[in-house]
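K.L.:
Here's the letter readout for the chains.
There are 2 protein chains.
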Amino acid sequence: MPEQGNITAAIMVIGDEILSGRTQDTNTSYIARFLGTLGIDLREVRVVPDVEDEIVAALNALRARYTYVFTTGGIGPTHDDITADAVAKAFGVGIGYHPEAMAIMAARYKNPEDFNDMRKRMARIPDTATLIKNSVSGAPGFQIGNVFVMAGVPAVMKAMLEELAPRLKRGAVVHGATIEAHMPEGQIAAALAAVQASHKTVSIGSYPFYREAGPGTQLVVRGRVPQEVEAAAATVESAVRSEGVEPVRIRSEGL
Amino acid sequence: MPEQGNITAAIMVIGDEILSGRTQDTNTSYIARFLGTLGIDLREVRVVPDVEDEIVAALNALRARYTYVFTTGGIGPTHDDITADAVAKAFGVGIGYHPEAMAIMAARYKNPEDFNDMRKRMARIPDTATLIKNSVSGAPGFQIGNVFVMAGVPAVMKAMLEELAPRLKRGAVVHGATIEAHMPEGQIAAALAAVQASHKTVSIGSYPFYREAGPGTQLVVRGRVPQEVEAAAATVESAVRSEGVEPVRIRSEGL
Chain A
-15 MPEQGNITAA
-5 IMVIGDEILS
5 GRTQDTNTSY
15 IARFLGTLGI
25 DLREVRVVPD
35 VEDEIVAALN
45 ALRARYTYVF
55 TTGGIGPTHD
65 DITADAVAKA
75 FGVGIGYHPE
85 AMAIMAARYK
95 NPEDFNDMRK
105 RMARIPDTAT
115 LIKNSVSGAP
125 GFQIGNVFVM
135 AGVPAVMKAM
145 LEELAPRLKR
155 GAVVHGATIE
165 AHMPEGQIAA
175 ALAAVQASHK
185 TVSIGSYPFY
195 REAGPGTQLV
205 VRGRVPQEVE
215 AAAATVESAV
225 RSEGVEPVRI
235 RSEGL
Chain B
-15 MPEQGNITAA
-5 IMVIGDEILS
5 GRTQDTNTSY
15 IARFLGTLGI
25 DLREVRVVPD
35 VEDEIVAALN
45 ALRARYTYVF
55 TTGGIGPTHD
65 DITADAVAKA
75 FGVGIGYHPE
85 AMAIMAARYK
95 NPEDFNDMRK
105 RMARIPDTAT
115 LIKNSVSGAP
125 GFQIGNVFVM
135 AGVPAVMKAM
145 LEELAPRLKR
155 GAVVHGATIE
165 AHMPEGQIAA
175 ALAAVQASHK
185 TVSIGSYPFY
195 REAGPGTQLV
205 VRGRVPQEVE
215 AAAATVESAV
225 RSEGVEPVRI
235 RSEGL
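Residue numbers (our numbering), protein chains in the order written: chain A, -15 to 239; chain B, -15 to 239.
The hints are simulated quantities; they were obtained by calculation from the structure and are not laboratory data. Treat the hints loosely; a few may be bogus.
As the list claims (entries may be wrong) - Computed Cβ-Cβ distance ranges for the label pairs, DEER-style:
{"id": "1", "chain 1": "A", "residue 1": "Ser119", "chain 2": "B", "residue 2": "Gly76", "range": "24 to 30 Å"}
{"id": "2", "chain 1": "A", "residue 1": "Asp37", "chain 2": "B", "residue 2": "Ala174", "range": "39 to 45 Å"}
{"id": "3", "chain 1": "A", "residue 1": "Ser119", "chain 2": "B", "residue 2": "Arg235", "range": "29 to 35 Å"}
{"id": "4", "chain 1": "A", "residue 1": "Val120", "chain 2": "B", "residue 2": "Ala174", "range": "22 to 28 Å"}
{"id": "5", "chain 1": "B", "residue 1": "Tyr194", "chain 2": "A", "residue 2": "Arg154", "range": "58 to 64 Å"}
{"id": "6", "chain 1": "B", "residue 1": "Glu146", "chain 2": "A", "residue 2": "Glu146", "range": "39 to 45 Å"}
{"id": "7", "chain 1": "A", "residue 1": "Glu36", "chain 2": "B", "residue 2": "Gly198", "range": "51 to 57 Å"}
{"id": "8", "chain 1": "A", "residue 1": "Gly78", "chain 2": "B", "residue 2": "Ala174", "range": "23 to 29 Å"}
{"id": "9", "chain 1": "B", "residue 1": "Ala156", "chain 2": "A", "residue 2": "Glu196", "range": "19 to 25 Å"}
{"id": "10", "chain 1": "A", "residue 1": "Lys184", "chain 2": "B", "residue 2": "Pro210", "range": "55 to 61 Å"}
{"id": "11", "chain 1": "A", "residue 1": "Glu196", "chain 2": "B", "residue 2": "Pro83", "range": "52 to 58 Å"}
{"id": "12", "chain 1": "A", "residue 1": "Arg154", "chain 2": "B", "residue 2": "Pro96", "range": "29 to 35 Å"}
Computed from a prediction, not measured in an experiment: that's the story for all the values here. Backbone N, C-alpha and C fix where the C-beta goes; we use that ideal spot for every residue, glycine too.
Let the hints inform the model, and build the full structure from the sequences given.
P.N.:
Structure, rendered in structure tokens:
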């Protein structure tokens, strides 16, 4: 796929709980598909620990390189939630209680005592950042420059993603065709390489699977011009048929 | 947790299918837990696309920084499997058909015609690398320096991980206690910060959840000295009780 002018993104997942294997990250695939619907290419993901210097270094590397960076995790009320401070440090700006964030959060607690100092930490926002509203649990995320800072709890992250989406530039959506062939991928590999060589505007991926009925391969054709994706997919299907196997088109996105 | 002398690791996931959101990565959490049982700290994960320069740059950054790097994906027979070449390039070594890999693979195909040129690609191994056997589907992974190159298919990756484990240095295992408190994390946050401040050899994480019965928090105490983990966990439990909630110890690892 041509690279020029594409809108690109990286995700930075912040959290010891992912690195210890305690929690299975599902935010990445959700954000990836969400960005896909907006025509934004996810190019890199990094998972980093709850360590300020690591967050700062990774964020500065990613924000210099991609149109957008989306972070998840580390914006709660507890001592291990250090994302806001780390982001302020990465941008070289100060951090303080954001009046609007304070107002949003104060309104959530009927008993003012419940809006304690630790909860107030969630209203500390880097200078120059704008809020990302959180319709699920109140405490907002924020945007600073090209970086969007979101919660790690999936339901909250999803709400924040909906909220921030109107701020994003959109690109041409990638269309895809997924073809299942009940044969080992080594049997179709040469033909597939030939299709890729003659259809340079699409990318063709091959993903083997093993089921009780035997080995098979999912062949995925992706590209930004639907007719070219369809043409390449049809050629792949012919190649599968040439091996005496009937291909099954299991998914067509935007074709 | 003290950092000196720890054995560290990074994972590099290679694959457009993860970045497009088509495939949910589960290898990372499996490898994380596996390394945990060996006392090896997973410190970073990167997901990179099927692009040679990206693989080379990420691998060189990670292998300089951590004791071990584990890669998944991109070692199959198809044109989009470029990991072996990229790893050779990162190490500045040549690549060619590895005699033992050729023998292993040739033995799998009764009909010699089936051992076609594309399948032979899977026997191309960087110079100086040693093989990692694959008891599931034959085509081996390999180790070069401190880098272990594995398949992306979970069943194959798991078999390779078992196979390579005896080559790894082991560290002191991290022990953990997980305590569930049926209260919002903002209610326990101050007490938790105090426990963390007075128990510096452990790390305490707080992970909120939302269930029908109401909000709650999982409090995770981790550290390398079981008595210190247990002492901190007991203090956390007392803090939860002080708020009028009975804590539930849902998991104790090595205590």
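K.L.:
A separate judgement is required for each hint: does it hold in the structure or not?
P.N.:
For each hint, the structure was consulted:
In this structure the hint that Ser119(A) and Gly76(B) lie 24 to 30 Å apart at CB is violated, the actual value being about 52 Å. Distance hint for Asp37(A) and Ala174(B): a CB-CB separation of about 26 Å, inconsistent with the stated range 39 to 45 Å. Distance hint check for Ser119(A) and Arg235(B): the Cβ-Cβ separation is about 32 Å, which falls inside the suggested range of 29 to 35 Å. Evaluation of the 22 to 28 Å hint for Val120(A) and Ala174(B) yields a pass: the beta carbon distance comes to about 23 Å.
In this structure the supplied range 58 to 64 Å is violated for Tyr194(B) paired with Arg154(A), their Cβ-Cβ distance being about 31 Å. Hint check: Glu146(B) to Glu146(A), Cβ distance near 42 Å, so the stated range 39 to 45 Å holds. The supplied range of 51 to 57 Å is broken by Glu36(A) and Gly198(B), whose beta-carbon atoms lie about 33 Å from each other. For Gly78(A) paired with Ala174(B), a C-beta distance near 24 Å keeps the hint of 23 to 29 Å intact.
Our hint of 19 to 25 Å for Ala156(B) and Glu196(A) is violated, since their Cβ atoms are close to 42 Å apart. At about 58 Å, the beta-carbon gap between Lys184(A) and Pro210(B) stays in the expected band of 55 to 61 Å. For Glu196(A) paired with Pro83(B), a C-beta distance near 35 Å fails the hint of 52 to 58 Å. The hint said 29 to 35 Å for the Cβ distance between Arg154(A) and Pro96(B), and at roughly 52 Å that hint is violated.
Comparing the model with each numbered hint stated earlier shows that hints 1, 2, 5, 7, 9, 11, 12 do not hold.
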